[in-house]
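Trainee: Order-wise, the sequence lines are chains P and V. The numbers in the working numbering rise by one with no breaks, and the one at position 347 of the first sequence is 626. The numbers in the working numbering rise by one with no breaks, and the one at position 283 of the second sequence is 562.
There may be inaccurate statements among the hints.
Listed below are the simulated DSSO-like cross-link pairs for lysine-lysine, each with C-alpha atoms no more than 27 Å apart in a straight line [to be verified]:
id	chain 1	residue 1	chain 2	residue 2
1	P	K611	V	K542
2	V	K292	V	K345
3	V	K542	P	K542
4	V	K632	P	K632
Calculated directly from the structure, the hints in this document are not laboratory data.
Number of protein chains: 2
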Amino acid sequence: MNSIDYIGKLTGKRVSWLVDSGPKDDIAISTRIRIARNLKDTPFPPCADSENLNKVVVAATFALDKMPVIKKQMSIDMGEIGPVDAQVLLERRLISQEFCARRQNSSLVMSDLENIAVMINEEDHIRLQVIRPGLQIPEVWEEINSLETALSNELPFEFDQTLGFLTSCPTNVGTGMRASVMLHLPGLVLSNQTNQLIQAISKLGLAVRGIFGEGTDNLGNLFQVSNQSTLGETEEDIVTRLSGVISQIVKHEKNVRIKLLEKQRDMLLDHIGRSYGILKYSYIISTKEALNSLSMLRLGIDLGIIRSVDMHTVNELFICVQPAHLQKYAGKNTESEGRDRIRATFIRDALQKNNG
Amino acid sequence: MNSIDYIGKLTGKRVSWLVDSGPKDDIAISTRIRIARNLKDTPFPPCADSENLNKVVVAATFALDKMPVIKKQMSIDMGEIGPVDAQVLLERRLISQEFCARRQNSSLVMSDLENIAVMINEEDHIRLQVIRPGLQIPEVWEEINSLETALSNELPFEFDQTLGFLTSCPTNVGTGMRASVMLHLPGLVLSNQTNQLIQAISKLGLAVRGIFGEGTDNLGNLFQVSNQSTLGETEEDIVTRLSGVISQIVKHEKNVRIKLLEKQRDMLLDHIGRSYGILKYSYIISTKEALNSLSMLRLGIDLGIIRSVDMHTVNELFICVQPAHLQKYAGKNTESEGRDRIRATFIRDALQKNNG
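From just these sequences and the hints, can you work out the full model?
Mentor: What follows is the structure, given as structure tokens:
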């Protein structure tokens, strides 16, 4: 199958790591680890010419083909696909913003279940990614670590005895690892405690970001918490520290939800109910309103207030209401206003189906 | 039954002139005519003492008792009831704001179906009111005219050969008649044409007001159109002129709705859908938001977009979501915030029942 057809098929498919349940996935939606590696004696992507880059694509793809963990592997030549198709991959969290923007001489190798994705020639030659539902930092680490070990037997990686793995950007030197958990924190947002949280977390050497790229803040009340540094700590240390902090945040969010239910029940029910009503009956809805309403609906399901909608439907809608997915569904490029209509129809249909 | 018990029973009852269907009631909700009369050789209320006023109450009640058209008559001593009970009568459009505020030495005589109401000692000794669903100006005029004729055989009215009937306020001298139609004009509001309409109507010697008292403008997109003057025109002239203008407005509103459906269909469906969603699922809702949402729901029913809700349920909710009704339902005086919760529950229940 060619890349464009494959992405077309992808948009119609459920996102497997969102459909499956995972531990604590009432609050921790997914766990992801990315590892950056570069090939020995090969110019790093920012300094490489086309010939160098293409050689890396060939070598890395060949090596990845031998990895048994990547079942039903698909290779997408990023230079072959257009901006909307690339955006679909970004919306499904398979690639980064930078990879999406600069597509020449780069390639994505991914498993059909979308749980493993490898960007070739992003900022580094290789960016491995493993993602799983719920809170599974050690499990994801184990999986990506064994993949990396297997891959390193095929491809020699650039490594410095003092610094560790070398990368294009100094912020990744060392472990080259970025572990992150996507958290749904509507309780903390409703009780205005996120600023506090963000400050506390950054003091612990971790970073908090909105999940929809720069400047999206807490759209959909979704936050991504990840390790800030890659140097001076082993991967195991990072995994342990991050797991500890995330568990604390999850506990805190749970407590806040219980308090809201006890002390501001009507306010909470009102937020949830209105959001459900808007998702169910609106005919024009922006990405922002959709994501924030979906967040409240998800909270309502978590709290057992809304029983007619399945949690996984909501999880998937978080992905599917984004612009590129909607354009693929509509079968055409549409401007923002048109998308707001398609989005509303898509959500109404999804909730209808789910009800029936 | 005493007055307080009777009003308690009233709040649980459907408003008969809203439950019945009437001509053109997709746009014209109800037609009402009020006639002001004063007893001969008796000081008008603003100049009368308690003794005078009480004599008027006795004489008028005695005369009204003989009127066969007022079936199942009830007499409410306004001095006996509290402010919330009085407010209930106001919200059901049985009495005026002034009558509600100043309750000593005054009385309301009404039919059990609420279609006939007589305020004794409002600004004038007698204010007759007849109300019917839909657009029925000549029919209401005929009914109130025969009631007035019958009553004038029992009570001599103050009448001047040149001026006509005399009243406390010069704006009512002459016919003493105010005919008004309550119109639901969401189409004109959505297409920003109400200012134009109000200007055009006032040039025709008619007045346009919001229906929920001074300063409520177009709350719920409801407007009351009535004759401005009572002097220099016969009642029949007023009836004919008002009927003509109202028919024009109804036609105009219909055309605008069709145009909106054709040219801004999604915007219209979005407004209607969101309003329905909010009414169905919110837990806290203000009077203003409730009335405006009910208006959109009513439009949706009119246009055949919403089929699961009965029009009369919506008509009645316009009355029942108001503060005094809600306090009677709750069985206690509650502050505004508490009422917003009771209102939301009341609406959810009403729409639920209606669905089932």
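Trainee: Identify every previously stated hint that the structure contradicts and give their numbers, smallest first.
Mentor: Hint check: 3 fails alone, others pass.
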